[in-house]
Amino acid sequence: MKVDLDQELELIKTAKSGDDKAFAILYQHYYPFLYKYLLKLTLQEELSKDLAQDTMLKCYHHLHAFKGESKFSSWMISIASRLYIDSLRRKKRENKWVNQVKASLSRQLDWFARSKGIEWSDHFTDFNNLEAEVRIPILLRHYYGYSYEEIGRMLGVKAGTIKSRVHHGLKFIRKEWNEDGPSQ
Amino acid sequence: MDHHNKENDLVKMLKSDWESLDTIAGNPEIGQQEIQEQLVLSKLHRKKAFRKELLLFILTAIFILGLFVTTILKSVQTIMYIQVCAGLMGPVIYVFLSKREGKVSP
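Sequence lines, in order, name chains A and B.
With our numbering as the guide, the letters of the first sequence map in order to residues -6 to 177.
With our numbering as the guide, the letters of the second sequence map in order to residues 184 to 289.
It is possible that some hints are incorrect.
What the hints assert, rightly or not - Cut-off 27 angstroms, straight-line C-alpha distance, at most; resulting in silico cross-link-like pairs (BS3-like, lysine-lysine):
(1) B:LYS235 / A:LYS164
(2) A:LYS14 / B:LYS226
(3) A:LYS29 / B:LYS231
(4) A:LYS164 / A:LYS51
(5) B:LYS231 / A:LYS14
(6) B:LYS226 / A:LYS164
(7) B:LYS235 / A:LYS84
(8) B:LYS230 / A:LYS51
(9) A:LYS14 / B:LYS230
(10) A:LYS151 / A:LYS85
(11) A:LYS42 / A:LYS29
(12) A:LYS42 / B:LYS226
(13) B:LYS230 / A:LYS168
(14) B:LYS198 / A:LYS42
(15) A:LYS151 / A:LYS164
(16) A:LYS60 / B:LYS198
(17) A:LYS42 / B:LYS189
Source of the hints: derived by calculation from the structure; they are not laboratory data.
Here the structure is a predicted model, which is why all the values come from computation and not from measurement.
The task is simple: from the sequences and hints, build the whole structure.
Right, dumping it as structure tokens:
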């Protein structure tokens, strides 16, 4: 279902007045976008589905808080990112001995990729081993094209901190690759 | 300059990986029926959680109030009266709130 900007604003307004059908249209429209964003962070289909649904429900219950100062999609990404970070913290608490929850491709995704002849770069593995607080800004900056200021607002962190996380994250990946690369 | 080129190459490769992930993900869809069900369930869940929190709050308040009054008046009987009154008033307030909620929600 295609929804243009004017329609989106109208749907948000209608949904705010309590029309569930209007919100359901927004939900249906944005679900694939959210799912794909979360899949790039979790690399797990089921977890991405659950987080995308939780995000949409959180948006539903807090729709009155959306003032339209940013795009609706940015607002959703902000909620999804925080939910993802919270889920990782919960996982770390449950498994106290694990310092870092590493993201790796689910078996199904791995199988799909192989069947389509997709090969991942070495950088991709290193990127997925970064902390979520570093991975999210890199993804938002270099794939979704957000500015440092926008990412900062989305994650509730200063723009300078975001810039530094992106810079150090990329530097770390390059360093890892330089160390591993030539020997392989 | 070399450093800048390396960073650009790195970003290019990552972008290509993310694009591949988007290809694998396809276009996941969710039906209107399922969405409506999720919304209804979520509302029920929130209502239930709210009631639970409210009940816990009231019980704690009654307990603290009882302790406070008992300490001030040095009368153990008072705490019993408060608990009995709360026990009788509680269900009445609950029924009143439930009826009001029923009228408000569509």
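Taking the hints in turn, this is what the structure says about them:
For a cut-off of 27 angstroms, the pair hint linking B:LYS235 to A:LYS164 is broken: about 49 angstroms separates their Cα positions. For the hint pairing A:LYS14 with B:LYS226, the CA-to-CA distance comes to about 15 angstroms; that is within 27 angstroms, so the pair holds. Restraint check: the Cα-Cα separation between A:LYS29 and B:LYS231 comes to about 32 angstroms, which exceeds 27 angstroms; the hinted pair is violated. Taking the CA atoms of A:LYS164 and A:LYS51, the gap is near 35 angstroms; set against the 27 angstroms cutoff, the hint is violated.
Proximity of B:LYS231 to A:LYS14 is assessed by CA-CA distance (about 23 angstroms); at most 27 angstroms being required, the pair is judged to hold. Between B:LYS226 and A:LYS164 the alpha-carbon distance is near 45 angstroms, which puts this suggested pair outside the 27 angstroms criterion. Pair hint B:LYS235 plus A:LYS84 holds up; C-alpha atoms about 26 angstroms apart against a cutoff of 27 angstroms. Straight-line distance between C-alpha atoms of B:LYS230 and A:LYS51 comes to about 14 angstroms, which keeps the hinted pair within the 27 angstroms bound.
For a cut-off of 27 angstroms, the pair hint linking A:LYS14 to B:LYS230 stands: about 20 angstroms separates their Cα positions. For the given pair, A:LYS151 sits about 25 angstroms from A:LYS85 by alpha-carbon distance, which is consistent with the 27 angstroms threshold. This hinted pair checks out: A:LYS42 and A:LYS29 have alpha carbons roughly 9 angstroms apart, not beyond 27 angstroms. Distance hint between A:LYS42 and B:LYS226 is fulfilled; the C-alpha atoms sit about 20 angstroms from each other, no more than 27 angstroms.
Among the hinted pairs, B:LYS230 with A:LYS168 is inconsistent with the structure: their alpha-carbon atoms are about 51 angstroms apart, more than 27 angstroms. Between B:LYS198 and A:LYS42, the direct Cα distance comes to roughly 22 angstroms. Compliance with the 27 angstroms bound is thereby established for this hinted pair. Proximity of A:LYS151 to A:LYS164 is assessed by CA-CA distance (about 20 angstroms); at most 27 angstroms being required, the pair is judged to hold. Our distance criterion of 27 angstroms between C-alpha atoms is broken by A:LYS60 and B:LYS198, whose separation comes to about 32 angstroms.
Taken as a hint, the A:LYS42 and B:LYS189 pair is broken in the structure, with Cα atoms around 35 angstroms apart against an allowance of 27 angstroms.
Going down the numbered hints, you'll see the structure goes against 1, 3, 4, 6, 13, 16 and 17, while the others check out.
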